[in-house]
Every structure is written in structure tokens, then in C-alpha cells.
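One letter stands for each residue in the lines below.
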Amino acid sequence: MAEQPSLELASSTRVTAADGTEAPHPQATPCGSHPTAPTRGPEEGKAPQLLSRRSSMLSTLLGPPGSRRSSLGPVPGGKRPSVGPWLLHSRVSFSGLPLFQPIPETYLENTYRMQPEEGCRFNAGRVQRVLEGALAGVLGGTAYSPQGSTVLVQSLAELLRGRAKEVVPPRYKLVCHVLLGQHGQQSMLVASRALWDPESDSFASASFCNASLFAVATVHGVYFE
Amino acid sequence: MAKVFPRPNFYSEPHFSPCSKWGKYCIESVLGKADYNHNKVNQWTAAIVEQSLTHLVKLGKTYKYIVTCAVMQRSGAGLHTASSCFWDTTTDGTCTVRWENRTMNCIVNVFAVAIIL
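Chains as they are written, first to last, in the numbering used here: chain A, 28 to 252; chain B, -15 to 101.
Chain A extracted, bound-state conformation (with noise of 0.2 Å):
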């Protein structure tokens, strides 16, 4: 934190001593955002340094006040000046490079809630309804084809899977699982079974068939212990 302030600070006083007492420099205009090396005065603190220190990686010798050095200059109105990662971390490394704070992890407060509350369950019923009611109202009138077949799928298990969530309680896992086939004459089985607690989990299937095509989705829901 200490450097930010400082090169806010100098940079006002450099817009101060420009106007003061270099009016005939062509440079110190008041729009001007070109700061040469002699109107630095001894106010700037520690911005030389950091300066001196970005120019070092550069060239060994002070270069000539160029694009780089030129976003920290003065900007009419004190409003601070916009520039990559240097002023916008409070913290440089001696290099001159941004160290980036580290990101803490949060750790949860314990909620000693072993299984969902009472009455609210996972109700399979009622997103079997939800299932059978989206699926009809989306493959109601489609045929198959091999290429929509690949979209439709995606968004009919996310479909299916918005819808199930708007039913299911808080605190579930969902897991949506959809199949379509072309309607020809194979038959089929899907099967599915689960290592969980019987209680708190549970899960609801729906299929639905017409001439040109067959769907079978299962939406699995598994309380989040």
C-alpha cells in the first residue's frame, strides 16, 4: 500500500510544478501527459525509484521518457491514471512484477444437518410429472435426424434438468440423464442403480415414444451431506 499514495501524490505535484514553474517547458502542458526527467523534482518520493527500477529491466541507462513512463504523468482533472498491473496491485516485487495476493480459502461453518428436513424430500413423483410434461412438449411434433439429434439431446438434458430443479428442494445434487434413439425395431433396456442413502435420495424416469423417434430420461437426486 505505501507506494500507491505516494505516486498519487507526486503525480499531482508534478501537475502543480509543471504549471507553476515550467511554463515556457513545451512539455508541461496541462494535457500533456509527457514527463521528462528534469521537471521531476525531489516531492516524487519513492516514484523515481520504482520508475528507475521498471526502466532497469529495460535498458541499464535512464531511457528517454517514453510510452510506458508516460501513463503515469499527469492527467488534467487529478483523476488517476489507468495503467497495467503496476498500480493496481498494492504490492511490488523487487523485480518490479505485481505479486498477486494469494486467494484464501473459505472453509464452511458446519451445519450438523445429517439429512434433509421434513417434508423436504426428494418428491419422485412429482418430477415424473415435470419429466413427462417437458418431454412431450419438446419431442411432441420432432422427427429424428441424425445431425439436430446431437443438439436436441444436449439442451433436452439441461432442459430437463432446469425443470427438475425447480421442483426438487434445496440441498440436492442433481443428475440428468437422457436418451434418444431413432425408432426402428431394436429394442432396448436402460437400467440404472445407485450406491446412496435410500432415505434422502431418490430418482424419477420418464420415456416417451413417437413414430420417428423414443426418449428416456432419468433425473437422480442426491441430498448434499
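Bear in mind the hints are in silico, worked out from the structure with no lab data behind them. Beta carbons: idealized from backbone N, C-alpha and C, even for Gly. Treat the hints with care, as some may be off.
Where chain B lies over chain A, by a calculated footprint (3+ residues, C-beta under 8 Å) [as the list claims (entries may be wrong)]: (1) 172 to 181; (2) 195 to 205.
Label pairs and their in silico Cβ distance ranges [what the hints assert, rightly or not]: (3) ALA238/A / LYS42/B: 44 to 54 Å; (4) LYS17/B / GLY189/A: 41 to 51 Å; (5) LYS17/B / TYR139/A: 35 to 45 Å; (6) ALA30/B / GLY189/A: 47 to 57 Å.
Go by the hints and put chain B onto chain A.
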């Protein structure tokens, strides 16, 4: 001070590779060289799912598992499957195994939902 257990990541090695390995193994052992038989497909799917789940339980990880198996007769018809999940993407994951022979296709999905201790 409460102990903080590390959150598992399903897609890291200890969890993910056994799922696909055991899935393949179970399908091979049940379906193997058989041809599609409508009368037997019920017990086939039940056996595949049960064996997969048993092997997953033996891994001893803190996960709830959902295993689905679809067996379809090969007749030239197209099949698409998709799944969409609402869960914690850092800890939960899925693994799919596809298998086919001359007369049938088999798709086994394993969904693993973490139990946070």
C-alpha cells in the same frame, strides 16, 4: 480444532481410472461373446450394474455412486445420450464406458457424487 478433510477430486487418478477399468471389466464379463437375447437382457443389465457398483464400493472412497447401463440391439438405428448434472464440479464427476459387439451396443455411465466430511 476441527479436522478439515481434503475435498476429493473425482477426475484425479485414484478415482477416475478405476471407474473406467471396472466398467469395462464388468461389461466384458457379463456380455462377453453373447448375442442379443431379449429374454436375457434384463439379467444382463442387472448383473453389469450390480458388479460395477460392487467394485466401486470396494475402492472405499467417500462417494455416492449412480451407475446406469443401456443395452441396445444393433439394427442400424441411431442412438444419442446426454447428461446434465447439477453438482460441485470440483469434487464430483462422471465416467462413461462404451462397448459393442456384433449384435448389441452397451453404454455404462458412472456418476460419482462426493460426500463432504
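The hints, checked one at a time:
For the segment 172 to 181 of chain A, the proposed coverage by chain B is satisfied: 6 residues have a C-beta within less than 8 Å of a C-beta in that chain, meeting the threshold of three. Evaluation of the coverage hint for the segment 195 to 205 of chain A: fulfilled, as 6 residues show C-beta separations to chain B shorter than 8 Å, against a requirement of three. Checked against the hint of 44 to 54 Å, the pair ALA238/A and LYS42/B passes, with Cβ atoms roughly 46 Å apart. A hinted range of 41 to 51 Å holds for the C-beta pair LYS17/B and GLY189/A, which are about 43 Å apart.
For the pair LYS17/B and TYR139/A, the supplied restraint of 35 to 45 Å is violated, since their beta-carbon distance comes to about 53 Å. Range check, ALA30/B to GLY189/A: Cβ separation about 31 Å, and the 47 to 57 Å hint is violated.
The earlier numbered hints that this structure contradicts are 5, 6.
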